[in-house]
Amino acid sequence: MMALERWLIELLLHFAARDEINVFLRSPQNTATIIGCLIAVSGALLGTFLLLRGMALTSDAISHTVLLGIVVAFLLMTDVFGMVGDTSSPWLILGASLAGVGTVVLTELLYRSGLLRQDAALGLAFPLLFAIAVILVSRFAEDVHLDEDAVLVGEIGLAWANTNSHCFDNCATVTISPDHPQAKMARQCRNCRELGISPRDEGAEFVEICSNCGSYSPAQAWQAGYLQKEPSLVFFPKSITVTLIMTALSLLLALVFYKELKLTTFDPALAKALGFRPGVMNYALMILVSLVAVGAFDAVGSILVIAFFIIPPAAAYLLSDRLAVMLLLGPLIGAAGAFFGYDLARGKFFGFIEVGDIIAGLNSLFGLDLPEQWDSSISASMVLMIFIIFTLVWVLSPRYGLISTLIRRANQRRRFDDQVVLAHIHNHQFTDRHATELRVKTLHLHFRWTGRKMGRVLARLRALGLVAVVNGLAQLTARGETQVHAFRGAMLEAHNMPDID
Amino acid sequence: MPAEDKRVWLTIAGIVVLGICFLPLGQWLFGIRYTYTVRVVALGGAILGVISGALGCFAVLRRESLMGDALSHAALPGVAVAFLLAGRDLGFLLIGAGIASWIALRFIAALLGTTRLKQDAAMGIVLASWFAGGIALLAYIQSIPDASQAGLDRFIFGQAAAIIESDVLLISGAGAVVLLALALFWKEFKLVTFDGEFAIANGFQVGLINTLLSTLIVIAIVLGLQLAGVILMVGMLIAPGIAARQWTQKLHHTVILAAVFGAFAGGVGAVISAIDADIPTGPMIIVVAFSLVLASIALAPGRGLLWSSWRRRLDSRRFARQNALRDLYRYALSHGSPGRPAPDAFIRGIGDRSAALGLRQLLASGLVETTGDSWRLTDTGIEAARRDAHSLQLWDLYRLYADDMGLPLLAEDRQLDIRDVLPADAIGQLEAMMEQRPN
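Sequences listed follow chains A and B, in order. Be aware that the first sequence starts at 1, since it is given in the numbering used here, and climbs by one per residue. Be aware that the second sequence starts at 1, since it is given in the numbering used here, and climbs by one per residue.
It cannot be assumed that every hint is accurate.
DSBU-like mimics (lysine-lysine), calculated; alpha carbons at most 35 Å apart, straight line [as the list claims (entries may be wrong)]:
1) B:K6 with B:K250
2) A:K259 with A:K238
3) B:K118 with A:K348
4) B:K118 with B:K190
5) A:K184 with A:K238
6) B:K118 with A:K262
7) A:K272 with A:K259
8) A:K272 with B:K118
9) A:K262 with A:K238
10) A:K259 with B:K118
11) A:K441 with A:K262
12) A:K453 with A:K441
Honestly, the hints are just simulated from the structure, not real lab data.
Taking the hints into account, I'd like the entire structure generated from these sequences.
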């Protein structure tokens, strides 16, 4: 991981000076936005396949168990192996993603017992695993970094502060030994506690210990003032590296196995018959979903991450029928949400509306007394922004959007009404009942419609020149006649029936 | 009372007794002290368990378990908004939660009605977005200097210790109304749960009934929030229903049993978490509820894993015995007389274990005797084999003529003696028919 970071920084150094990089990365906004975008891209890539496979909520199950995996691995690391607990340690990531895949297997087993349905198995498995994780956190891990708040929302706003330092020039590591001129020596009583005496009492024995001995990395040495020349350092946030690796892996999966994923998603039976192994692809997907969920845990917590998996692909699904386009649109939508989401957390809505103004408006409208300073959770705001974009897409999408769907349905309803009335007139004109069946005043009764609806339909048909009213009776015009015949012909052809007329 | 009904009532009584016994047992084993707080929390937990268990059954049966998850996450922004508007009064907070969940419910319905998104995606979208809204609002509330948000956090993970007596009264009142509504619309709910199309065809207002049922489920979720929290509430809602479903096939039994399971999980979970201040109540309740599910899956008569593996074992023993008897009889008849011995190698066939199993049983009940390398039916054995063969012949006739003769229709099961499953007069008719036929 360090090597990768170093390589990345060297790449960046071609484009920008060292100080510029440090200033850029030290801004909470830049780091949070980068991490948010990376999570959004990897989540949307994998989420597209989950959505199309009807497994959207599997990401929910996985993200919940990942918490249990992290907690167990964390406790094992700190309490059993005595290591320093760090939620971006590779061991922890590995253990937690195994736990994630384990849930999928567990749910499958519960479901295969035949005693409960799939939704029930999922709905049972993840609250349980989450409950165990919460019990463990509050029982054993009270004083560590894993608190309940971090579990919920992550700490994307603080990600800039958790860095690895990389040194590029004047890189002196300093080792302070007891005979070093800068070593700080102190006398400490060796047996005071044992004997219960004070250092001043007789019989106290002393040892010399060095309070600042040890080896210092260049960054630490500079900070402690052991170096004359400032080393040229770059501080790189750890979370960016982790999420970058996850994104690269997701991209790799989506690009290299595009064909396989597509086939096993849309036609698993065919894939099996052709010798692809749908099960293998499925587990590869699950492993990556777990990895991304673990990688995102630090930044956005274990619940909000499912938004990055589900919402952007759902929005892309309302815009396009093509998998490749969806794979492009989903990450874009997610990244846009992450980008504008940071501003939302700081009170700016797409840059032109201030949330504070809205609150002020509400205050004056309802006589409330809410502070106008809006300063909120960054990860939650990113999710809200993604949701807002989704809602916009849903309302406005040209083919599958709300407006176009409503218009299409209204058109269909109108066309249906028109055809029914035309057919009724066609069936009854020139019969001996036409005087009762076609009287305009009573026509609506034959359809059990209201008179107003009938009036609307008739007015439309007359305006189109399909129907004429003669002596209070409705009649088809010549154009109406051709219309009915064309429609009948199309219907009969569609149902493959001979014309009996 | 039929055997199954009796069993269900026995189970219910057993759980109630177990729950009551747990109180002194917990005191004795773990040194739990039943302070006023513990008593209030346990009572609240038990009452919430009854409500969510009873309504959760419907969520489970309608295959909407995960809807419970989405709706409970969706309650969070409502709590926050209610807090901003009306302060800390629990009644207002719950009303806010209910409104937010209900809007989420309608939003999911709108997504499903107007797009091609599937239910799981729609629920995931709403779950994550509403939850994010709630978190964002909570963060905003936290930044308000004088209005400490203490007390709202409890809606996320649940905090039973914060329940006080007036809360229990509120929960009981609202719960009584919900259960009353359930009783009043019992027939309608049952119908739309099991056969919605039939309900539509018979002129029921299915949309209205569904909305009412979902609203009741929302109320149950909202009432349980402060105990289990928005994340775990789904477990509280569906686990009792899933456990109860294993024990019975009847809706009213399932609902009553789920209510009892829910009360057990709520009460016992609350009491266990009183052992140590660090054990959170909500998650403990979920763990107890899940243990009930595991126990039910393993033990429930009829469906449970232990039960069905035991029944499979019995069946395979019975089939082995029957097949060995039939093989011996057929071999003997085709070689002259029923008493002829059959060689051991022939009867054991290709060495599958079931022949040995069957022969051992026949030997033990004295139907066969062996000389070591051959097997012979004894007189009682021949008698039993004849009865069996007779039954098979009757089954043949039944298959051909049951319809013509107007006999009661059964699934054909040749492992059973037909005389045990058909009434005596039907057997008489079949035997008369056999007499007439010249073989």
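For a quick check of understanding: which of the numbered hints are violated here, in increasing order? Result: hint 11 breaks, nothing else.
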